[in-house]
Amino acid sequence: MDVLTENWSLYGKGFLGTVELTVYASILALVLGFVMASFRVAPVGSLRVIGTVWVAVLRNTPLTLLFFAVLLGLPRFGLVLPFQVFAVLALGCYTSAFICEALRSGINTVPTGQGEAARSLGMSFGQTLGNVVLPQAFRSVIPPVGSTLIALAKNSAIAGAFSVTELLGTYKTLNELGYSIIWTFVWIAVGYLIITLAISALFNVLEKRWGVAR
Amino acid sequence: MLRTRNIAAVLVCLLIAALAVGCGREGSPPVKGPKADELPRYKVDTGFQLPESKTWKKAEKRGYLVVGAKEDQPYLGEKDPATGVYSGFDIEIARMMAASLGFEPDTIRFRTIASANRETALQNGQIDYYVGTYTINDMRKKLVGFAGPYYMAGQGLLVRTDENDIHGPQDLAGKTVCSAAGSTPYQRIAADYPEADLVAYDTYSICVDNLLTFQVDAVTTDDAILLGFAAKAPDEMKVVGKPFSEEPYGIGVPRSDNALRLALDDALEENEKNGNWKKAFEATLGLSGVPAPTPPPIDRYPAS
Amino acid sequence: MTHATASATALYDIPGPVTRRRHFLYGVISTAVILGLLAWIIYLLFDTDQFTSAKWTPFTYKGIQELLLRGLGNTLKAFAYAAVLSLALGAVLAVGRLSVHKPVRWVSTVLVEFFRAMPVLVMIFFIFVALKVQPLPALVAGLTLYNGSVLAEVFRTGINSVERGQGEAAYALGMRKTQVTTHVLAPQAVRAMLPTIISQLVVALKDTSLGYLITYEEFLHAGKLIASNLDYDLPFIPVVMVISPIYIGMCMLLSWFATWVARRERRNPKTEGTGVAAAEPGTVLPGRRRQ
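So the protein sequences, as listed, match chains A, B and C.
Oh and the first sequence: position 198 is 198 in full-length UniProt numbering, straight run, nothing missing.
Oh and the second sequence: position 187 is 187 in full-length UniProt numbering, straight run, nothing missing.
Oh and the third sequence: position 266 is 266 in full-length UniProt numbering, straight run, nothing missing.
A few of these clues could be false.
Claimed, not checked - As a list, the in silico DSS-like pairs of lysine-lysine whose alpha-carbon atoms are at most 25 angstroms apart:
#1 B:K58 x C:K132
#2 A:K172 x B:K142
#3 B:K32 x C:K77
#4 B:K35 x C:K62
#5 A:K172 x C:K132
#6 C:K132 x B:K232
#7 C:K55 x B:K32
#8 B:K35 x C:K77
#9 B:K54 x C:K132
#10 C:K177 x C:K77
#11 B:K141 x C:K55
#12 C:K55 x A:K172
#13 C:K132 x B:K35
#14 B:K141 x B:K57
#15 B:K141 x A:K172
#16 C:K224 x B:K232
#17 C:K132 x B:K142
#18 C:K224 x B:K32
Don't read these hints as lab results, they were simulated from the structure.
Only chain A is shown next, with the shape it has when bound in the complex (with noise of 0.2 angstroms):
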């Protein structure tokens, strides 16, 4: 029980640390897994490649080697960042492979007929895709994206063996200290399970109100 009390400000340095992580990874995530999803239904060809081999790439791999091929591989080409953008780098690259799918099979889930409509209406590309298409499509992509984002949180714990500053590497801290190691870990659980149902519930409210069953 002490362990926590005594420790708040580690645990406290630990589960921003994961936070952080999770934040500006998912941001990293989202924007690229747009991106991606956007090259993946575009009708020229070479950008339709590029999408499918970025995701088929980096869903295929374990992301253990990524990060030790970005955190202790990139450096060699001169490129020396601090470890958390190393590690959100190669998060967010991962994940974005995912959300590129969930974006893409929502953008597949709007029937052709309301492209159709607003183009034969004279709607250009952009207002097609603003008005139209997006809203539709965002309804039905929040429950998988709020699932990658989930696995996301959890995923951070890995960025702990590469020494980034995150809750699961505080036990190493705490078990040379001698505290009783399981208490510790109860106490790294309570703090993912606070995250990941932190982020369900977001996505809870988010479907309450702009949910449509798929």
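On the provided structure of chain A, position chains B and C as indicated by the hints.
Only chains B and C this time, still in chain A's reference frame:
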């Protein structure tokens, strides 16, 4: 798309098959750094008996000793990835002890145990004893026993040979220093010399590589480990300053096995007297150019 | 997909000649950009001496190759254990969640939701550090607990997706609950969810690389041993270039197998009672009633 995926799958299988056929050379790739001409041979004390030690009796029945060691510390405890052969100062100490315990040199099996699991490995009998930069301290003495110390290390600094500004930890203000994440040397610099710019990686070899490519100015850890790395490239790196901490290295043994511990203490004392300890040092860490120090006095603490 | 844009989608119509020319131009520009990027990366590789013989000769040695193969074997061993055990655990937990007895249902639900919400790495570390288990059993146990829970949800969704008529007909014939589940519902459910099950096993295969963090000597660990060796000039990039295709290739093979199974099952008349699931791994949004 199906075609392309088929082709990719076939290529991967070919790659694995090529690896499997093993169209490869025997032996091991060339190593850097000087090699000792000949490793010292230790006289095996045939007829040695230690019936009061449970660990020794089990090893004798098995026919071989299982010794825990490190695999990534050059000239201290390192494993050749191609052949699986261990070498280094700690390994020589382990071999010395095995000979004094009556085991032939080919009956020692080394196992790599990570720092975090040393106590567990000794407690559940996975290894008979552990020789691998194992610092003796009171907290660990509650879990395992220590024979020795066989070497007195201290925290030191490794810099490039042309670095003239750093002679000790007090000169680290504003310089980048690298160490292993979460280790005691890291915490000591963070606590006592906060003006230094600390960087952490999970292995020392990356720190050393960063030192050579000018990304950090110094590497800090036990000076024994630093000496090993300096020996790899003696013209490019040097260890500077006096050690600013005391890290006595001991041989870890199961806590309850006092007979084994005292037997190892006796063996250490004898090998220090008859020059084997010095020969082992000169064949490994001594290749960095440092003369063999005097071994520290052995601590035979009472059983508890 | 023969002619790339032969059909209209919600976003754009079948292109006419002007649009086709514009698309061709875009295609050429993007291909040029990609080739330029690749050329720059290859230049960087050469510039930072990644192709020196010192970095690549270790791979020609038999000992190194055997080290890598042993690591690969260990990865596949951990995967095999984890796959079999998580399928078993998934089945047990799914049966628990579908039970008529409230306490059994409640316990199974708590277990499944807890293990799905926990990061796999936390569980693996807990078993390894706190319970002091050896690396291989700790890795397999952690993977089993996580993938078993997700598979339990997959099995449950599968059984719930079987047409009600199947179950009612079975009960009308006088079968009891266990018989209905084993002889009627489960075969159809498994056949329908097979793509999802295989996709979840791909996740398990990828997660065996977490063994690297608890010093289990698997493929990535073998690679790191070679990559962090000063004697070979720290060949990180060559090691990554050798290991990644093998890892990605293995996972791609398994994913492709999942899509192939999905396609075959859709044509199979035995799945008329249920729909065939997509080749996606199970979702982890906790508290979802529907998948």
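For each hint, the structure was consulted:
1. Taking the CA atoms of K58 of chain B and K132 of chain C, the gap is near 23 angstroms; set against the 25 angstroms cutoff, the hint holds.
2. Among the hinted pairs, K172 of chain A with K142 of chain B is consistent with the structure: their alpha-carbon atoms are about 19 angstroms apart, no more than 25 angstroms.
3. At most 25 angstroms may separate the alpha-carbon atoms for a hinted pair to count; K32 of chain B and K77 of chain C exceed this at roughly 35 angstroms.
4. About 22 angstroms separates the Cα atoms of K35 of chain B and K62 of chain C, which keeps this hinted pair within 25 angstroms; it holds.
5. The suggested pairing of K172 of chain A with K132 of chain C holds, with an alpha-carbon distance near 14 angstroms, which does not exceed 25 angstroms.
6. Among the hinted pairs, K132 of chain C with K232 of chain B is inconsistent with the structure: their alpha-carbon atoms are about 36 angstroms apart, more than 25 angstroms.
7. Proximity of K55 of chain C to K32 of chain B is assessed by CA-CA distance (about 13 angstroms); at most 25 angstroms being required, the pair is judged to hold.
8. At roughly 38 angstroms between alpha-carbon atoms, K35 of chain B and K77 of chain C are farther apart than 25 angstroms, so this suggested pair is violated.
9. For the given pair, K54 of chain B sits about 23 angstroms from K132 of chain C by alpha-carbon distance, which is consistent with the 25 angstroms threshold.
10. For the hint pairing K177 of chain C with K77 of chain C, the CA-to-CA distance comes to about 37 angstroms; that exceeds 25 angstroms, so the pair is violated.
11. Taken as a hint, the K141 of chain B and K55 of chain C pair is broken in the structure, with Cα atoms around 43 angstroms apart against an allowance of 25 angstroms.
12. With a C-alpha separation of about 34 angstroms, the suggested pair K55 of chain C and K172 of chain A falls outside the 25 angstroms cut-off, and the hint is violated.
13. In summary, the hint linking K132 of chain C to K35 of chain B is not supported, as the alpha carbons are separated by about 39 angstroms, beyond the 25 angstroms threshold.
14. For the proposed pair K141 of chain B and K57 of chain B, the alpha carbon gap of about 23 angstroms is at most 25 angstroms, so the pair holds.
15. Between K141 of chain B and K172 of chain A the CA atoms are separated by roughly 19 angstroms; this keeps the pair inside 25 angstroms, and the hint holds.
16. For the given pair, K224 of chain C sits about 19 angstroms from K232 of chain B by alpha-carbon distance, which is consistent with the 25 angstroms threshold.
17. With a C-alpha separation of about 18 angstroms, the suggested pair K132 of chain C and K142 of chain B falls inside the 25 angstroms cut-off, and the hint holds.
18. Our distance criterion of 25 angstroms between C-alpha atoms is met by K224 of chain C and K32 of chain B, whose separation comes to about 18 angstroms.
The structure shown violates the earlier hints numbered 3, 6, 8, 10, 11, 12, 13.
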